[in-house]
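There are 2 protein chains.
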Amino acid sequence: MLTLGDPPTENTLWFSARPQLVSCGSVVGPKEGSGPLGDYFDRVCPDERMGENSWERAERRMLMAAMDYCLCAAGADDSPPDVLLAGDLLDQIVTSGYAARHRESPFLGLYGACSTFAEALLLGCVLVDGGYRERALCATASHHHAAERQFRGPTEFGVQRPPLSQWTVTGAGACLLSRPDGRDDGEEDIAVDVATIGRVVDYEASDPYDLGSAMAPAAVDTILTHLRDTGRDPDHYDLILTGDLGRVGRDLARVLAQERGVGLTDDRFLDAGVLMYAGDQNVRAGGSGCACSACVFCGYVWRLMQAGVFRRVLVVATGALLSPLMCKQGDSIPGVAHAVSFTTN
Amino acid sequence: MLTLGDPPTENTLWFSARPQLVSCGSVVGPKEGSGPLGDYFDRVCPDERMGENSWERAERRMLMAAMDYCLCAAGADDSPPDVLLAGDLLDQIVTSGYAARHRESPFLGLYGACSTFAEALLLGCVLVDGGYRERALCATASHHHAAERQFRGPTEFGVQRPPLSQWTVTGAGACLLSRPDGRDDGEEDIAVDVATIGRVVDYEASDPYDLGSAMAPAAVDTILTHLRDTGRDPDHYDLILTGDLGRVGRDLARVLAQERGVGLTDDRFLDAGVLMYAGDQNVRAGGSGCACSACVFCGYVWRLMQAGVFRRVLVVATGALLSPLMCKQGDSIPGVAHAVSFTTN
Numbered sequence: 003m004l005t006l007g008d009p010p011t012e013n014t015l016w017f018s019a020r021p022q023l024v025s026c027g028s029v030v031g032p033k034e035g036s037g038p039l040g041d042y043f044d045r046v047c048p049d050e051r052m053g054e055n056s057w058e059r060a061e062r063r064m065l066m067a068a069m070d071y072c073l074c075a076a077g078a079d080d081s082p083p084d085v086l087l088a089g090d091l092l093d094q095i096v097t098s099g100y101a102a103r104h105r106e107s108p109f110l111g112l113y114g115a116c117s118t119f120a121e122a123l124l125l126g127c128v129l130v131d132g133g134y135r136e137r138a139l140c141a142t143a144s145h146h147h148a149a150e151r152q153f154r155g156p157t158e159f160g161v162q163r164p165p166l167s168q169w170t171v172t173g174a175g176a177c178l179l180s181r182p183d184g185r186d187d188g189e190e191d192i193a194v195d196v197a198t199i200g201r202v203v204d205y206e207a208s209d210p211y212d213l214g215s216a217m218a219p220a221a222v223d224t225i226l227t228h229l230r231d232t233g234r235d236p237d238h239y240d241l242i243l244t245g246d247l248g249r250v251g252r253d254l255a256r257v258l259a260q261e262r263g264v265g266l267t268d269d270r271f272l273d274a275g276v277l278m279y280a281g282d283q284n285v286r287a288g289g290s291g292c293a294c295s296a297c298v299f300c301g302y303v304w305r306l307m308q309a310g311v312f313r314r315v316l317v318v319a320t321g322a323l324l325s326p327l328m329c330k331q332g333d334s335i336p337g338v339a340h341a342v343s344f345t346t347n
Numbered sequence: 003m004l005t006l007g008d009p010p011t012e013n014t015l016w017f018s019a020r021p022q023l024v025s026c027g028s029v030v031g032p033k034e035g036s037g038p039l040g041d042y043f044d045r046v047c048p049d050e051r052m053g054e055n056s057w058e059r060a061e062r063r064m065l066m067a068a069m070d071y072c073l074c075a076a077g078a079d080d081s082p083p084d085v086l087l088a089g090d091l092l093d094q095i096v097t098s099g100y101a102a103r104h105r106e107s108p109f110l111g112l113y114g115a116c117s118t119f120a121e122a123l124l125l126g127c128v129l130v131d132g133g134y135r136e137r138a139l140c141a142t143a144s145h146h147h148a149a150e151r152q153f154r155g156p157t158e159f160g161v162q163r164p165p166l167s168q169w170t171v172t173g174a175g176a177c178l179l180s181r182p183d184g185r186d187d188g189e190e191d192i193a194v195d196v197a198t199i200g201r202v203v204d205y206e207a208s209d210p211y212d213l214g215s216a217m218a219p220a221a222v223d224t225i226l227t228h229l230r231d232t233g234r235d236p237d238h239y240d241l242i243l244t245g246d247l248g249r250v251g252r253d254l255a256r257v258l259a260q261e262r263g264v265g266l267t268d269d270r271f272l273d274a275g276v277l278m279y280a281g282d283q284n285v286r287a288g289g290s291g292c293a294c295s296a297c298v299f300c301g302y303v304w305r306l307m308q309a310g311v312f313r314r315v316l317v318v319a320t321g322a323l324l325s326p327l328m329c330k331q332g333d334s335i336p337g338v339a340h341a342v343s344f345t346t347n
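Protein chains in written order, with our numbering: chain A, 3 to 347; chain B, 3 to 347.
Chain A with its partners taken away, still in its complex shape:
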């Protein structure tokens, strides 16, 4: 079992061309829309079903809508991006696969559970920074009811949710990355300078409800590796945004980091799963899902970066590699996390 420790190689990629974040799109369901960040999203759907006859199709519609908002905001809605990198929580990443069917773009499907948002951004940056693609669209989605049905049990059963459980975010987020245009238009650009690929870390968590505990070690491993590889300390960032640790995982991550001599302070270390819902929204430990970090970043953080509130942000999307089948066969739930550093030029 791989646990925390110094990775033998440098796991961080530097982007000399600094791929530019051109635009974002975010679409959420009604519960997310009535949370503290409700005003920041491009669209709040009043209906969790999006008029569709299944949760899975609703999730697909949300992903397509988020991509549309993103491309529209970039004024690029009539020209397909040069590559689409996408993934989601559903088996065979059907949300992404079927959404890609409606686009002309070449498609690369990814699976990193809830870390997929950062994985898509990281690989999108590599393709753009290396000069292989001009523009990369990176997108993820999740849906509470579709995820519950697949990973634990249909919500129609009305199973009581334990205190450590998290609420999968219903929504989708999309980012358009591009080669810098080189023009000095007087505006500040938001760009990616560096990213860190995470390792699979296993603390032998086995509770399919308590995913924060399963992901916290991976989040800390990736953050510490990132800081070691870049020579930065946590204060370099105005915000370190973890994906969806929730309250339990966030507190655990703080302890694990402290044990290794790194302090993650309250004002600079926030978790998307904690930010997404208010305390009275009955989500137990907080939000989770591929859409959690994607929507919080694309809706909230990106706008605050545009407004100059945050100038340097490290997005650490975290994934619990939970398999209901493997859990029943006695296997544990490993975690993985990838980090992407955004900076205002």
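One or more hints might be untrue.
Repeated chains share a single entry, so a pair holds when one copy, or any two copies, can fit it.
With a Cα cut of at most 25 Å, we get these calculated DMTMM-like pairs of lysine to aspartate or glutamate [unchecked claim]:
hint, residue 1, residue 2
1, K330, E54
2, K330, E206
3, K330, D8
4, K330, D209
5, K330, D183
Hints are computed from structural coordinates only; laboratory data are not their basis.
Add chain B to chain A, keeping to what the hints say.
Below, chain B without anything else, positioned relative to chain A:
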């Protein structure tokens, strides 16, 4: 629905540094071992279970063994590669996720159904060619019984297999890509010069047994896009190896290509699913699965490239984005294919 037609963008990536294929590893089950290519694989397991108590764990063992053979052949078994790109057919790509847990390497999980082998190679080449990583390990696996259980029904049920069905290959393949060392050691190197990212193509196939028909349009779309983007004609290649179309899909692909004015002749256009098994092995239309193109390439084609029989090979791994759930909800089975061009320097 996206069907065949000229893609609006150039979907092909050129690798100026020409990432080198250092070594391959291949592990297969007993049925594959008794097929026509049996002598080419690194290891033929006498037991489909690999001594494990489930098909899923057996698949994981095979993937780990293939990676070990690959690293060992490169003399690099004691130093982890700089990145592991892997995927498989099982939900949450558990084979890859759990196998990655035992390695120190940063991990990027991919899902492209049976096209995953080419997707991993393509992204591995980008990471190596762009100078982001020195060495990338690209690996995929599949297992007949695990795949049947998940996609159609447990083999223990003894369901009669229809004539168009394919047999998921039990096995795993791994490739180690590296930056060229620059030394002229007198030996010829096998390298990747170019790769094409595929689009999701949907001809509204709906039979979860007949995957060759679902994938053939995607294979042709990617091959034609590749030829258009590179200005090459099919004769440029000694071999165009499709992933796992089987006999039905291969014949269909040939017709679809012919309709668009491209002839794919018998001697240069082979399919891994047709090559893997003999006619009397009761596999109906041929082999399939993530391991199909991986094992045929890593076991057979790579050795023939080393021997100089093939000097230029285009690997077109094809994936049927089959979701049992979506099929039951009335959705079709889209296809996707990615192409990677190997050349002997």
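Outcome of the hint check:
When the C-alpha separation of K330 and E54 is checked against a cutoff of 25 Å, the pair qualifies only between copies, where the shortest distance is 15 Å, while the shortest distance within a copy is 32 Å. With identical chains, the CA atoms of K330 and E206 are at most 25 Å apart within one copy only, with a shortest distance of 14 Å there and 35 Å across copies. In this assembly of identical chains, the alpha carbons of K330 and D8 never lie at most 25 Å apart, being 32 Å within a copy and 47 Å across copies at closest. Taking CA atoms no more than 25 Å apart as the test, K330 paired with D209 passes inside one copy only; the shortest distance there is 11 Å, against 30 Å between copies.
With identical chains, the CA atoms of K330 and D183 are never at most 25 Å apart, being 51 Å at best within one copy and 46 Å at best between copies.
Hints 3 and 5 from the earlier list are contradicted by this structure; the remaining hints agree with it.
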